[in-house]
Amino acid sequence: MKVRFQLKRGDFTLDVAFELADRGITAVFGRSGCGKTSLLRCMAGLEPEASGQLDVAGEVWQAGHQCLPTHRRSLGYVFQEASLFAHLTVERNLRYGWRRVAPSHRRVEWQTTIELLGLAPLLNRYPDQLSGGQRQRVALGRALLTSPDLLLMDEPLASLDSDSKAEILPYLEQLHRTLAVPVVYVSHSQDEVLRLADQLVLMEDGQVLTQGPVARVLTRLDMPLAHQQGAQALLEGVVTRQDEADHLTEVMCDGQSVWVSQLNQACGTRVRLSVAARDVTISRVPATDSSVLNCLAVQIEALEADSQPGHVLIALRLGTQVLLSRITERSRRQLALQPGERMYALIKGVAVH
Amino acid sequence: MVIAGIAEADWIALFLTLRLALISTVLLLVLCVPLAWWLAFTPSRAKVLIEALVALPLVLPPTVIGFYLLILLGPRGAIGGALESIGLTHLAFSFTGLVIGSMVYSLPFVVQPLQNAFQSLGTRPLEAAATLRAGPIDRFMTVVLPLTRRGFLTAFVLSFAHTLGEFGVLLMIGGSIPGQTQVASIAIYNHVEALDYGAAHGLSLVLLVLAFSLLLAVYALNRRFRLVGVAQ
Amino acid sequence: MWIRQAVLAGLAVTALLMATAVQAQQITRVAAASQLRFVLEAIATQYRERYPQNTIDIQYGSSGRFYAQITHGAPFDVYLSADMDYPAALVEAGFAASEAMPYAIGRIAIWSNTVDAQSLVLADLADERFRRVAIANPRLAPYGARAEEALISAGLWDALQPRLVYGDNVSGTLQLVQSGAAEVGIVALAQVLNPVIAAQGGYALIDVDVHRPLEQGLVVTRRAAQNEVARHFADYLRGVEAATLFQTYGYDLPAVIP
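Protein chains in written order, with the working numbering: chain A, 1 to 353; chain B, 1001 to 1232; chain C, 2001 to 2258.
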């Protein structure tokens, strides 16, 4: 579905248009102040000054300046701070939205949601008796229980410490697999995007720079993400073998095997691997006599000078997927690397999501 | 007739005072909600002007307020005169006039706590409620009212107590008519003027005890419910 | 939802209070200058005994406030001022149903509860031991204006300036002395004859020759044009029986009593 919004406030102008996938998580990514939150608020109808176009589930939410009031939109919104109602228990917070949706429109099960988010032990507590992570879980549950046609999340993890983040991320990933509605997830954390997003909308100064599948946008050399200090590429693969003795797991990515620290996943499970550009070395010959575990056959797709002086960024094609490698300009010159050349990528570290 | 050492006329004055305080406070609370809401959230430049106007009753001496209300509500005044010209009675020296007078006098005591409560509540809980399908009135009843309860309580107590003790405005606009506009504070003053200190002490004591019990009840009621902060 | 309950309870109580408003009855209302309180209560008691069918309610206050209120529709039927100017002004402005009629002449006296005032004369007020001398505000209160005149006649006005304190009216002036804020004051004779005040200290009457006479007048207001009781009471106030009481309570009588 098409999303288009304009909003002028002071000297900031939001002017965005992007395609929203019918299901899965679309991450809106950009540094703070780029207009991500404003965009989300426009989609929720919380910015009455905005104009644009938004149809959700066959209903017109925004047409020009005409704006369906927020409370008539079938949406769920998770704010950066949980924004629970301080005067209500967790249960009554959860019921607040639940009982305002006609029973015939409920598609989300009460019990299932409580279990999915592990909320049962919290039901009788008040928000001020919860940790940050617990609060955010309740906020997520409260939004889900309205059976929304569109779920909007505004940096739900940004205000949490890393323990709380680690607590809530699995719930979000589960959500990703179980929820059949589009999710817009605003974030400025590359980590969250790597773990959660299917689609990525990249924003800068109130505009959309680019959008597309997350693995593709991450590795586009003409986009700023690939040039970041911690630039990473995403590889999708399937678990194929467990080596119990060496505590390693084999993941097959486009026909080539990648060994990672042992995963507690059954064979056949799809997993996401992320590989930092600085952890990828390039060689003309396979590394047979090296400590590096993973050596993949790749083809140079493009080279570009990096933002750091003396460094070069290289996009390496691996079947349908792309890896990033950051090397020095001197190495590139010595190896005389050219686009189209077949090389070996030596991978020092792999993170599994 | 004398009941519990207090003359019947004094009981009537006392009852009138409580009636006045309650009615004007309830009316003020209802009327000031939209005003306080607007003041809390408007970006308009007129805000400071309205805020200053609302605070004026704090500045003016009560008898001055009473005098101008008398002019305004009397038979030749803008409001009283208009009422007379359509065959109604003007409002000076009536209970309605007293209600209007004490509402003007207590206005800042209601608007300011409400405005502060709304400001510290902020718009976020309302936005959260809107995303959970709650319409505007629903949001007000289920989110604003419970979360700004303390603001309402403060406004109620301040306005009520302020009216109980009010003298100058009520004397001027009411004329101290027994049973109609003679409130307890004026009755006490009259006793003092008449050197009848016994009656003055008795009535003062009853007024104090009544006011104290009522305020105690209100605060106790508030305490019984969960004490949650507004800011999270 | 306790809030809803509280709101409902509040509305119920409000409605109840509204419903039980005291029934107004046919009452003749008299607005009288504060210092008349004791004499008028005595006269009214006598009047009520003789004419029990006539209901009279008397409110005491400042003549100026009553004047303002009557011109703005206050429901007073008879107005007893502390001077002749306010009643005359009411007649002038068309708010009266009668002439401004004098009913008594006030007297002023020196009073103190810290020294024996009985032996004092005006000239003694120059004495430095009276650090503060209280009079009613000459601009607001007729008794103050007469006190000023008396002090001017005695040649004390300029010398006393730094030591003068002003009460809003005669009762306020008396309170200034009673509280000890001023050691001595010039107040109404009617006040210091009251047994409560007399028990606290003696007084010295100020001679009528040193100030203009303090004539006090009354009017029947316009709204009482058809009120027989109001006229009757006004006449009674200027009759022989009231005259005796006025004298007893410290007033002289106007030259002509009909």
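Source of the hints: derived by calculation from the structure; they are not laboratory data.
No residue lacks a Cβ here, since even glycine has one placed at the ideal position from N, Cα and C.
Be aware that a few hints might be false.
From chain A, some residues computed to sit far from chain B (all C-beta separations above 10 Å) [unchecked claim]:
hint: 1; residue: L7
hint: 2; residue: D11
hint: 3; residue: G76
hint: 4; residue: L84
hint: 5; residue: H87
hint: 6; residue: E109
hint: 7; residue: G133
hint: 8; residue: T146
hint: 9; residue: D205
hint: 10; residue: S291
hint: 11; residue: V292
hint: 12; residue: L337
hint: 13; residue: M343
Output of the computed footprint for chain B on chain C, the stretches with three or more beta carbons under 8 Å from beta carbons of chain B [said to hold, decoys possible]:
hint: 14; stretch: 2057-2065
hint: 15; stretch: 2072-2083
Per the stated criterion, does the least C-beta distance between T146/A and chain B lie above 10 Å, as a non-interface residue requires?
violated, 6 Å
Does D205/A really sit off the interface, with its C-beta more than 10 Å from all C-beta atoms of chain B?
At roughly 24 Å from the nearest Cβ of chain B, D205/A sits farther out than 10 Å, so the non-interface label holds.
With 10 Å as the threshold, tell me whether D11/A passes as away from chain B on beta-carbon distances.
holds, 16 Å
When I compare C-beta atoms, does the stretch 2057-2065 of chain C have three or more residues closer than 8 Å to chain B?
holds (count 5)
Would L337/A pass as off the interface with chain B, using Cβ distances and a cut of 10 Å?
Holds: least Cβ distance 52 Å, greater than 10 Å.
No chain B beta carbon within 10 Å of L84/A's
violated, 7 Å
Should the label of S291/A as a non-interface residue stand, given a Cβ cut-off of 10 Å to chain B?
Given a closest Cβ separation of 51 Å, the condition holds.
Going by Cβ atoms, does V292/A stay more than 10 Å from chain B at every point?
holds, 50 Å
Distance rule for H87/A, whose beta carbon must clear each one in chain B by more than 10 Å
With a cut-off of 10 Å, H87/A comes too close to chain B, as the shortest Cβ separation is near 4 Å.
Classify the label on E109/A as holds or violated, using whether its beta-carbon is more than 10 Å from each beta-carbon of chain B.
At about 18 Å from chain B, E109/A clears the 10 Å cut-off, so the statement holds.
With 10 Å as the threshold, tell me whether G76/A passes as away from chain B on beta-carbon distances.
violated, 7 Å
Consistency of the no-contact label for M343/A, given chain B and a CB cut of 10 Å
Its Cβ never comes within 10 Å of chain B, the nearest being 50 Å, so this holds.
Taken one by one, the earlier hints fail for this structure at numbers 3, 4, 5, 8, listed in ascending order.
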